[in-house]
Each structure stands twice: as structure tokens, then as C-alpha cells.
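Trainee: Assemble the whole structure, with the sequences as input and the hints as a guide.
Here is what each chain is made of, one letter per residue.
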Amino acid sequence: MILKPQLEDVKIIGFYLGKIIMGLALAMVVPIFISLCCWEINPALDFLVGIEISVMLGLILVCVCRTDKDLNWMQGMIVVSLSWVAAMLLGAIPMYLSGHWKSFLDACFDAMSGFATTGLVLVQDLEHISYTHNFWRHWIMFLGGQGIVVIALSFFVRGFSGAFKMYVGEAREEKILPNVINTSRFIWLVSIVYLVLGTLALGVTGILIGMKPFNSLFHGVCIFMTAFDTGGFSPQSQSILYYHSFAYETITVILMVFGALNFKLHYHLWAGNRKELVRNIETRTLFVSIVAIFSLVAVGLFQTGVYPKAIVLFRKGFYQLISGHSGTGFQTIYAPQFSADWNPLALAGMILAMSLGGAVCSTTGAIKMLRIGILFKAFKEDLKRIIMPERAIVIEKFHHIRDVFLEDKLVRGALLITVAYIILYGFGALVGMSCGYPFLGALFESTSAAANVGLSCGITGTGMPAALKITYILQMWVGRLEFMSVFTILGFIFARIKGK
Amino acid sequence: MRKIFFVILSAVFLVFSPGAAFSQTLSSSDLIDNAGLYDGKLVTFSGEAIGDIMKRGDFAWVNVSDGKNSLGVWMSASLAKEIDFAGSYKTRGDKIEIVGVFHRACPEHGGDLDIHACSLRKIVSGGAVPEKTDFKKIKLSIILSGVLFLIWILTLFKRK
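Heads up: the protein sequence lines correspond to chains W and H, in order. End of the first sequence sits at 500 in the numbering used here; the numbers just go up one at a time, nothing left out. End of the second sequence sits at 660 in the numbering used here; the numbers just go up one at a time, nothing left out.
No lab work stands behind these hints: they were computed from the structure. One or more hints might be untrue.
As the list claims (entries may be wrong) - Across the chosen pairs, the derived CB separations fall in these ranges:
| no. | chain 1 | residue 1 | chain 2 | residue 2 | range |
| --- | --- | --- | --- | --- | --- |
| 1 | H | Glu-608 | W | Ile-207 | 19 to 25 Å |
| 2 | H | Glu-631 | W | Asn-182 | 43 to 49 Å |
| 3 | H | Gly-540 | W | Glu-407 | 55 to 61 Å |
| 4 | W | Phe-246 | H | Val-647 | 49 to 55 Å |
| 5 | H | Ser-529 | W | Trp-270 | 43 to 49 Å |
| 6 | H | Lys-632 | W | Gly-305 | 50 to 56 Å |
Unchecked claim - Using 27 Å as the maximum straight-line C-alpha spacing, the simulated DSSO-like pairs for lysine-lysine come out as follows:
| no. | chain 1 | residue 1 | chain 2 | residue 2 |
| --- | --- | --- | --- | --- |
| 7 | H | Lys-658 | W | Lys-11 |
| 8 | H | Lys-555 | W | Lys-309 |
| 9 | W | Lys-397 | W | Lys-380 |
| 10 | W | Lys-500 | W | Lys-11 |
| 11 | H | Lys-595 | W | Lys-102 |
| 12 | H | Lys-637 | H | Lys-590 |
| 13 | W | Lys-380 | W | Lys-275 |
| 14 | W | Lys-11 | W | Lys-498 |
| 15 | H | Lys-636 | H | Lys-590 |
| 16 | H | Lys-568 | W | Lys-212 |
| 17 | H | Lys-590 | W | Lys-212 |
| 18 | H | Lys-622 | H | Lys-568 |
| 19 | W | Lys-69 | H | Lys-658 |
| 20 | W | Lys-69 | W | Lys-500 |
| 21 | W | Lys-309 | H | Lys-541 |
| 22 | H | Lys-622 | H | Lys-595 |
| 23 | W | Lys-102 | H | Lys-637 |
| 24 | H | Lys-568 | W | Lys-102 |
| 25 | W | Lys-377 | W | Lys-409 |
| 26 | H | Lys-622 | H | Lys-581 |
| 27 | H | Lys-658 | W | Lys-19 |
| 28 | H | Lys-590 | W | Lys-102 |
| 29 | W | Lys-11 | W | Lys-69 |
| 30 | H | Lys-590 | H | Lys-568 |
| 31 | H | Lys-595 | H | Lys-568 |
| 32 | W | Lys-212 | H | Lys-622 |
| 33 | H | Lys-636 | W | Lys-102 |
| 34 | W | Lys-102 | H | Lys-632 |
| 35 | W | Lys-212 | H | Lys-595 |
| 36 | H | Lys-581 | W | Lys-212 |
| 37 | H | Lys-595 | H | Lys-632 |
| 38 | H | Lys-632 | W | Lys-212 |
| 39 | H | Lys-639 | W | Lys-102 |
| 40 | H | Lys-541 | H | Lys-568 |
Remember, predicted model here, so these are calculated numbers, not experimental data. From the three backbone atoms N, C-alpha and C, an ideal C-beta is built for every residue, glycine too.
Mentor: Structure representation (C-alpha cells):
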């Protein structure tokens, strides 16, 4: 029997949603500091309006829905999924007010793309946007990569058991430390240490390649935030091509790979357990996947003959591949070049890389390496069963921080999410094709949106149909939260109608 | 007669040779979408200098935007010196016209799509763009502050 959700459920959801919205308002204070530093008045006003609307909404929800009760699983999941919708709508307000987005839908698209660490953009005239708004674009990516709820857990919540439910709802089922609040804080510690190091490296490189010191520092912070959080926004419309620098490309590749690794793995590396890097199923799978898919891309690019030298082919092919595989979306080629200069084999390689993603408990989207590794192990186990005598007991193990026996439950979970992602990629591609785009391009863009990558072959633009924009927004949202918390909303609505 | 023949022959050579020049200004979309067609050819491209003028020894990178895309232009530092303003939030960059060799995947610069400038002409000078305060936004934020204050008072009453 399905139980009908009660008013109390709605109140609990509303109360915690209100708290997270208040946290979002606090996040908008940071760009105001930037606007004061750069003396940008109108952008400061845009964010003031954004803060006022957010605080208003947050206050109303917290006050009307005030409760002392803790969250259950369903409520936690719904809070998470609604938080992301609220973040998109409220985060889009200052963006829309800047006048750099043609419609509120376009601003929502970029806000969701930012929070979900995707990187697809509809912003207009990025070259003349204020430092304040430009910082906000990168800041929301950093916040989204850490997880909006993780931030709230770290700073605004003083330990309650519902914390873990929201943490899981944000597609982070692995606890690094026994307490989920401490886990959230550790994720922040890792990110801030890398933030300082990465910004320094990019900032110094920026000065060495001829940028003005302030710009190089600003770009350094922004590029770090979107590289480590595998987001893909950049301060200029040319993405990484703007810098015309091999050193800049190399640093961003390192940051993208770091961002694609499991935070739990970072913890073990920091603790001196370097062997984990070699033994872990995720890093092994990632390495094999990169080598195999790069071979495909390289053969494809060699066939086209676009890149005259092997080193040039490697630089262009490898960069786009790492960017796609890590789910970042930085480009060192122009979007239409994917369709015009790359052949179907190279594009298929890129689509495959984007669809797989990085590690679980990282900032990447997509299917993720642990699930691919588990499915591969399951396949190997079944093959062994066929080959070996019937009486033989076949046991398969894999190493992920510790040795784990391959159980059917694990395989089922990995397979379900994999199938769900494939359906999501296909759904976006179908909508794209129904809007008149060719199959490969539609699949490329759909995979990029659903896997939170952000590479574009030229479809994403202000001119694309509103239906496709909404589809990509949905894909980014569902893909970032890995289905469960979004499906819970559907379950909630169903229970409200059919429940007793 | 000989002179006429020479002029015609030169014109034919200019049009059909691998390094043929496109005197008509091309847009960034033309160049990116038909990169194979223009590869290695002399092209004319115009737009606003944006971002940073990045000096690299005797040369410099200037990114030029025609409103649709920005293209990287590699030029001598002496040419780059002619650019006084590069576009940003508070600056309108110089509008320049570049004549140079277009590369679909420049072997010298790691396969970047770029233009190696031979000449640069400033079409319109840029300059500082002072920010005009938007009073509508000020009004809106004041009204919202009032509403917010009211809601806050109401929440205090509800708590009591």
C-alpha cells in the first residue's frame, strides 16, 4: 500500500529547503565583494536584488514550515532535488539582470549548467561581462561541484541524522570520514588547498604568458574553480584557446584529472597511501579507458588529416579527450570544428569518453569509473563460470580503498544507473533529432549535457529551440543528481495522487 | 600588349594560387565553418581587440572578436603596439582590420585555429566606457529591502 504524503512531510521539506536557500543567498555575498573591489555598481545591485529575493523566500519557508523533526529518506531526497531547482531559479536572477542573457530561460540554462558543473553556455558578449558576473559564473560551478547541500551541511547544519540522506541525494554515497559533516568539511579542505596551489600556478603562468597581473589572478581563480570541479566555464568565450599557451593547457589537464579522482582517494593519497592510486579499480579503469578511447580518437583524427604533425594531433586530441572524459568541457578548438574537422570515429570516441566520466565521489558526472569497473568484473566472473567446471566456485574481488567481494547487489546497482544514463543520453538525442539536428551532433550534445561535460559541437546556442533548452536543463539536473532524488519527486507526486 | 598580358596573368595567379588573398572581409563564422577552404590563404578579418594583449618576445597574441566568435591573431609586437584599448566590461576595444595568413590548425602553435597578421589597420579607436548607474535597479532593491524588513518583522511575531 502506498502511503499518501502528509502536510507534515511538506513542512519538513519546506523548512530544510528554506535553510538551503538562505545558504544560497549567503553565497551571493561573495560576488558583491568582487564588485566592490572592481567598483562595479550595477552588478552589485543585481546581486543585492538576488540576495533580497532569496532571503525573502528562505525566510518565508523557514517561518511557515518551522519544525524540529529530522528528515527521512524521501524528504531528504526531495529537499536535494528541489534545492537544485531553487538554486537555478535564484542564481539566474543576477545573471538575467546583467543583460548578458537574452531571456530568463537562457539565464536559467547557464545557472543550471553552472551548478551542475556542465559548462554549456548561452551567455552573450562574454568579452564585456563584468568581473562580478563572471566570477559568479565560476563560483556557482565551484559550489555546485562541491554540492550545494554539502556546503549547507558544512556551514549551516550542526549535525543531524538527516544530513546523510541529503548527502546521498546529491550523488555522494561514499563517506570519507565516519561523520558526514566531517566528510563535507574534508571535501572543502581538499578543494581549498588545491585552490590556493592551482590559482598560484595559473596566476604565475598567466603573467608569464603576457596577461595583466590582475587578469591573470582573476582568470587563475576562475579557471581553477571550473577545472578542479570539472565544470568547464571560462572567463572568455574562446575557452582555453584564449591563452594560446601549452603551459596553461598542461596545468588545466592536471587539474581536470585531479577533479576526476575520488575525494576518498585524495584522502588516502594525503595520508601517504600512494599505492592506492595504482591498486584502485577506478584509477585503473580510468587509465585503460583513456588509453583505449584516445587510440580511437587518434585514428579518427589521423584519417581526417586535419592536424599535420603527430604532436599537434596529440595535443588537440588528448586535450579534448581528457576534458570530455573528466566531464570538464574546456575546449582548445572551436565548437563547430567538432562537426566540420573531426570525423565520425573521433566524435564517437569523444561521445564514449563523455558518457563514462570520472570517479564516484568526485565532481564529475556520467556513469563513472567504479560502475564500469564493476560491470567489467561481473562480465569477467560470468565468463569464468562458463569456462570453469560446474562445481567450481567463482569469486571475483576488486580493490576500492579496501578489497570488496563482487556481489549481485553491487552489479545490479551499477547496471541500473548505467542503463538509466544510456536512456537519458538517448532521450536528449531523440529530442535533438526531432528539432532537426543530425544524429551524431544531437547525441554528442545530449551526452555532454546529461553527463555534465559541457563540450559542444555547435548545437548549444541562443537560437536553439526552447524545448531543447528545457530538455538539456532537465538532463543536467537529473544527470548531476544521478536519478534517485529526482525520481523521488515523481514518487512523491504519485503517492500524493494514488496513496491512501 | 605585353603589359596587359602580365596584369591578367598576375591576377589569375593571385586568385588561383595556394596563397590566394581574400580581399573581402570574412566573418569568424565563415573562417571557422570553412576552415579547410581558407587554410593557408591570405584573409581579411576585422573586429574588436578584446581581453589581454599577450606579448611573447618579439610577437604578441591578440584575440579579436567580431561579435560572434573571437579569433587568435599572432602578430609582431610592433603591430600590437598600435592597439591602445582591448575590450572588457569598462573598455570598448579598438576595432581593427587584420590582413594575414589563416591557419585551420597552425603547426607553429600546437594546432590552434589562428591568423598570422601581415598588416593591421585601426578602423575605430576604442576607449573607456563609464558605468552609468541604473536607477531602476536601485529602486527595485530599495522596495525589496522594505518588503524583506516587513517579512522579517512578521517572522519575529510568528516565533513569539
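Trainee: Taking the hints in turn, state whether each one holds.
Mentor: Quick rundown of the hints versus the structure:
| no. | hint | verdict |
| --- | --- | --- |
| 1 | Glu-608/H to Ile-207/W: 19 to 25 Å | 23 Å, holds |
| 2 | Glu-631/H to Asn-182/W: 43 to 49 Å | 44 Å, holds |
| 3 | Gly-540/H to Glu-407/W: 55 to 61 Å | 60 Å, holds |
| 4 | Phe-246/W to Val-647/H: 49 to 55 Å | 53 Å, holds |
| 5 | Ser-529/H to Trp-270/W: 43 to 49 Å | 47 Å, holds |
| 6 | Lys-632/H to Gly-305/W: 50 to 56 Å | 52 Å, holds |
| 7 | Lys-658/H to Lys-11/W | 16 Å, holds |
| 8 | Lys-555/H to Lys-309/W | 26 Å, holds |
| 9 | Lys-397/W to Lys-380/W | 11 Å, holds |
| 10 | Lys-500/W to Lys-11/W | 19 Å, holds |
| 11 | Lys-595/H to Lys-102/W | 25 Å, holds |
| 12 | Lys-637/H to Lys-590/H | 19 Å, holds |
| 13 | Lys-380/W to Lys-275/W | 24 Å, holds |
| 14 | Lys-11/W to Lys-498/W | 20 Å, holds |
| 15 | Lys-636/H to Lys-590/H | 20 Å, holds |
| 16 | Lys-568/H to Lys-212/W | 25 Å, holds |
| 17 | Lys-590/H to Lys-212/W | 15 Å, holds |
| 18 | Lys-622/H to Lys-568/H | 20 Å, holds |
| 19 | Lys-69/W to Lys-658/H | 19 Å, holds |
| 20 | Lys-69/W to Lys-500/W | 23 Å, holds |
| 21 | Lys-309/W to Lys-541/H | 19 Å, holds |
| 22 | Lys-622/H to Lys-595/H | 6 Å, holds |
| 23 | Lys-102/W to Lys-637/H | 18 Å, holds |
| 24 | Lys-568/H to Lys-102/W | 15 Å, holds |
| 25 | Lys-377/W to Lys-409/W | 13 Å, holds |
| 26 | Lys-622/H to Lys-581/H | 11 Å, holds |
| 27 | Lys-658/H to Lys-19/W | 17 Å, holds |
| 28 | Lys-590/H to Lys-102/W | 21 Å, holds |
| 29 | Lys-11/W to Lys-69/W | 10 Å, holds |
| 30 | Lys-590/H to Lys-568/H | 20 Å, holds |
| 31 | Lys-595/H to Lys-568/H | 14 Å, holds |
| 32 | Lys-212/W to Lys-622/H | 22 Å, holds |
| 33 | Lys-636/H to Lys-102/W | 19 Å, holds |
| 34 | Lys-102/W to Lys-632/H | 21 Å, holds |
| 35 | Lys-212/W to Lys-595/H | 21 Å, holds |
| 36 | Lys-581/H to Lys-212/W | 15 Å, holds |
| 37 | Lys-595/H to Lys-632/H | 23 Å, holds |
| 38 | Lys-632/H to Lys-212/W | 25 Å, holds |
| 39 | Lys-639/H to Lys-102/W | 23 Å, holds |
| 40 | Lys-541/H to Lys-568/H | 21 Å, holds |
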